[in-house]
Amino acid sequence: MALLEVENLTVQFYTEDGVVRAVDGLSYEIEAGETFAIVGESGAGKSVASLSLLDLVGRPGEIVDGEVRFRGRNVLELPREELRRLRGNDVAIVFQDSQAALDPVYTVGEQIVETMRAHEVASGREARERAIALLERVGIADAQSRYSDYPHELSGGIAQRVLVAVGLSCEPDLLILDEPTTGLDVTIQAQLLELLEELASSFETAIQLVTHDLGVVAECCDRVLVMYGGRAVERAPVEELFYDPAHPYTAGLLASIPRIGADRERLPSLPGGPPNPIQPPTGCRFHPRCPYAEEVCATSEPDLVETETGTAADATRQDHVAACHEHTGDLEDGLGYAVRVVDDSPDATRGTSPGGSSGRGHDDR
Amino acid sequence: MSIIRYTLRRALTAVPVLLGATAITFSFVYLTPGDPVDVLVGFDHVDPETRAALRAEYNLDRPLWQQYLLWLGDVVTFEFGESPITGRDVGETVASRLPHTVALGVASWTLSLAIGVPLGILAAIKQGQPADEASRIAALVGIATPNFWLGLVLLFVFAVHLGWVRVTPPDAPLVSLEMAWFVILPTVTLATALAAIVTRLMRSSMRRELDREYVRAARARGLRERTVILKHVLRNASTAVVTVAGLQIAFLVDGAVVVEHVFSWPGMGQLLVESIGRRDVSVVQASVLLIAVATVAANLLVDVAYAIIDPRIRHDR
Numbered sequence: 001m002a003l004l005e006v007e008n009l010t011v012q013f014y015t016e017d018g019v020v021r022a023v024d025g026l027s028y029e030i031e032a033g034e035t036f037a038i039v040g041e042s043g044a045g046k047s048v049a050s051l052s053l054l055d056l057v058g059r060p061g062e063i064v065d066g067e068v069r070f071r072g073r074n075v076l077e078l079p080r081e082e083l084r085r086l087r088g089n090d091v092a093i094v095f096q097d098s099q100a101a102l103d104p105v106y107t108v109g110e111q112i113v114e115t116m117r118a119h120e121v122a123s124g125r126e127a128r129e130r131a132i133a134l135l136e137r138v139g140i141a142d143a144q145s146r147y148s149d150y151p152h153e154l155s156g157g158i159a160q161r162v163l164v165a166v167g168l169s170c171e172p173d174l175l176i177l178d179e180p181t182t183g184l185d186v187t188i189q190a191q192l193l194e195l196l197e198e199l200a201s202s203f204e205t206a207i208q209l210v211t212h213d214l215g216v217v218a219e220c221c222d223r224v225l226v227m228y229g230g231r232a233v234e235r236a237p238v239e240e241l242f243y244d245p246a247h248p249y250t251a252g253l254l255a256s257i258p259r260i261g262a263d264r265e266r267l268p269s270l271p272g273g274p275p276n277p278i279q280p281p282t283g284c285r286f287h288p289r290c291p292y293a294e295e296v297c298a299t300s301e302p303d304l305v306e307t308e309t310g311t312a313a314d315a316t317r318q319d320h321v322a323a324c325h326e327h328t329g330d331l332e333d334g335l336g337y338a339v340r341v342v343d344d345s346p347d348a349t350r351g352t353s354p355g356g357s358s359g360r361g362h363d364d365r
Numbered sequence: 001m002s003i004i005r006y007t008l009r010r011a012l013t014a015v016p017v018l019l020g021a022t023a024i025t026f027s028f029v030y031l032t033p034g035d036p037v038d039v040l041v042g043f044d045h046v047d048p049e050t051r052a053a054l055r056a057e058y059n060l061d062r063p064l065w066q067q068y069l070l071w072l073g074d075v076v077t078f079e080f081g082e083s084p085i086t087g088r089d090v091g092e093t094v095a096s097r098l099p100h101t102v103a104l105g106v107a108s109w110t111l112s113l114a115i116g117v118p119l120g121i122l123a124a125i126k127q128g129q130p131a132d133e134a135s136r137i138a139a140l141v142g143i144a145t146p147n148f149w150l151g152l153v154l155l156f157v158f159a160v161h162l163g164w165v166r167v168t169p170p171d172a173p174l175v176s177l178e179m180a181w182f183v184i185l186p187t188v189t190l191a192t193a194l195a196a197i198v199t200r201l202m203r204s205s206m207r208r209e210l211d212r213e214y215v216r217a218a219r220a221r222g223l224r225e226r227t228v229i230l231k232h233v234l235r236n237a238s239t240a241v242v243t244v245a246g247l248q249i250a251f252l253v254d255g256a257v258v259v260e261h262v263f264s265w266p267g268m269g270q271l272l273v274e275s276i277g278r279r280d281v282s283v284v285q286a287s288v289l290l291i292a293v294a295t296v297a298a299n300l301l302v303d304v305a306y307a308i309i310d311p312r313i314r315h316d317r
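Residue numbers (the UniProt record's numbering), protein chains in the order written: chain A, 1 to 365; chain B, 1 to 317.
Derived by calculation from the structure, the hints in this document are not laboratory data.
Mixed in with the good hints there might be a few duds.
As the list claims (entries may be wrong) - Partial pick of chain B residues on the chain A-facing surface, computed with a CB cut under 8 Å:
no.: 1; residue: R88
no.: 2; residue: E213
no.: 3; residue: Y214
no.: 4; residue: A217
no.: 5; residue: A218
no.: 6; residue: A220
no.: 7; residue: G222
no.: 8; residue: L223
no.: 9; residue: R224
no.: 10; residue: R226
no.: 11; residue: H232
no.: 12; residue: R235
no.: 13; residue: N236
no.: 14; residue: I309
no.: 15; residue: D310
Unchecked claim - Quick list of simulated restraints, FRET-style, between CB atoms:
no.: 16; chain 1: A; residue 1: R73; chain 2: B; residue 2: Q129; range: 24 to 32 Å
no.: 17; chain 1: A; residue 1: V296; chain 2: B; residue 2: R312; range: 51 to 59 Å
no.: 18; chain 1: A; residue 1: E67; chain 2: B; residue 2: R312; range: 40 to 48 Å
no.: 19; chain 1: B; residue 1: R224; chain 2: A; residue 2: R73; range: 14 to 22 Å
no.: 20; chain 1: A; residue 1: R73; chain 2: B; residue 2: L140; range: 43 to 51 Å
no.: 21; chain 1: B; residue 1: T13; chain 2: A; residue 2: Q191; range: 55 to 63 Å
no.: 22; chain 1: A; residue 1: R73; chain 2: B; residue 2: P146; range: 52 to 60 Å
no.: 23; chain 1: A; residue 1: G156; chain 2: B; residue 2: R224; range: 27 to 35 Å
no.: 24; chain 1: B; residue 1: I308; chain 2: A; residue 2: D185; range: 30 to 38 Å
no.: 25; chain 1: A; residue 1: G156; chain 2: B; residue 2: I3; range: 25 to 33 Å
Stated by the list, open to error - To list a few chain B residues with every Cβ distance to chain A over 10 Å, as calculated:
no.: 26; residue: G20
no.: 27; residue: S27
no.: 28; residue: F28
no.: 29; residue: V37
no.: 30; residue: D44
no.: 31; residue: H45
no.: 32; residue: L60
no.: 33; residue: L64
no.: 34; residue: L69
no.: 35; residue: G73
no.: 36; residue: G81
no.: 37; residue: P84
no.: 38; residue: L177
no.: 39; residue: V183
no.: 40; residue: R207
All C-beta atoms in this analysis are idealised placements derived from N, C-alpha and C, irrespective of residue type, glycine included.
Please put together the full structure from these sequences, using the hints given.
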């Protein structure tokens, strides 16, 4: 049994223009201690999927189908008090906008301490000392004085670290990080990622990293799930995803990573924009933007299948799956891209260019 | 900046406001037609020497600015003088009425908050549900009802018809059971509109805060729902209500003129009306000063409460 099992998760939003399926039949698993990435454009449903793990999707959204099992128990059907005890204690979320996620009228320390108190992890003087130790742990200088700072007195990078400290305060088994590096400048990003890697291994915490930045994924993740228009289009171990992307959308994402010393003048970009969430395209949702789309792509929706065998994907197996007709055998001409691996010494570029650390480049034909 | 320094600085800015307010009312009263000496002598014909003597006695022969400074000098030593009309000490006159107004004011203020705040929170949490709708209608009715009408209806029903209370205040000390019993109706009358406003304000502020990311984050941290609402959302949502409730304190002191009249309540409102009718300038002046002080104090209180609630205000500048 995996630590987290998400099965057929479906979330809808009821808007004035119609019903939006933000997450559509999403399934995946995370093992204890694993670092798992969910990648996709904004609006792909990554954040909504993360909120669903703690049943935090508020109105106008609603989880209409599926199960989220944490240690085998369905989170979505837990009684109120048990759900509360799970939140923050077993599974914690670090929100994207760190300034907004902190209550402006309480000090940083108070918000860490009250979290520990809510789960009876520590209280009083001990909680205070642990909070200061945590702030030091996430790399905040003069943690002692930061403890009594208010959120508006913090810079973006510090606020993000504080939020990580809050997330770690009850030593959760799973830490969800929603775009933790957005809005931070590159050096701070690199520091934060290193910190997360280190913390994940020392706290033995599994991480679900939600991001649109494949560079960040290459840096620190074990496995990756690529989402498009609310659906999973590819899931693979990180190496395989970068060496052998099995979905044209993934290939497009990889091709659009900026690289230092890239021998082209313009970055290639995926044509078109994200699919209309109210009336998604028929068939494969990506087909209007896909350079290899054929007739079948517009009419039939490809299932998530194993890229090797073409058999239906199983959420419990940690292999390479993708939702493209190429792998179900329905695509006549195949996917016409090749992956070019640029063998520049991988470690030389580490930290200077997102994606550069993988040492690989991807090109369309 | 510490709360104490913030408060002191705020308090200092109140001094020019008080000077301005009293100076303006002082000159306004003297700009109104009629010679105070006429009132003093009861509009009789008296010889110019007597008039001059009276002028000199009350400093009326001096320039206006000197009169103001003299008055101010007396006031800062709490010396309000004697009313030329009633012959009674002005300070004592005001002091005899003030407790009635304060008692009624504090009672209705407390009642309106005790009703409005919980009702507003409830309505915000139960958005769109029957409790919310009911509170909305109740608040609408509360705001739309004129208080003199409500007072008369209450008197008619409970005093005249049912005979549960007297129509006029009992001849009893202010702090007594009979008085407390009587004060219920005027309290309800005064509290209704304020409770309605507080309810709506509380609800809308709570709704706005409930959509904030920190609320979701607080729930994600596994805090109890009661903690999320009462510790986090309520504190962030309370500034608007604090403003209204704070400024209402000022209105409590000048007394609800109409409601005091309906219930024959011997408070500041009644005194003010009587004194204006009698052209009792000294009492009007003292009352206005009291109202000005109360307004300034209420504003100061609101500012300080703000700074306590929201650290961003304390740290500003």
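Honestly, which of those hints from before does the structure not fit?
-> Result: hints 1, 10, 21 break, sorted rising.
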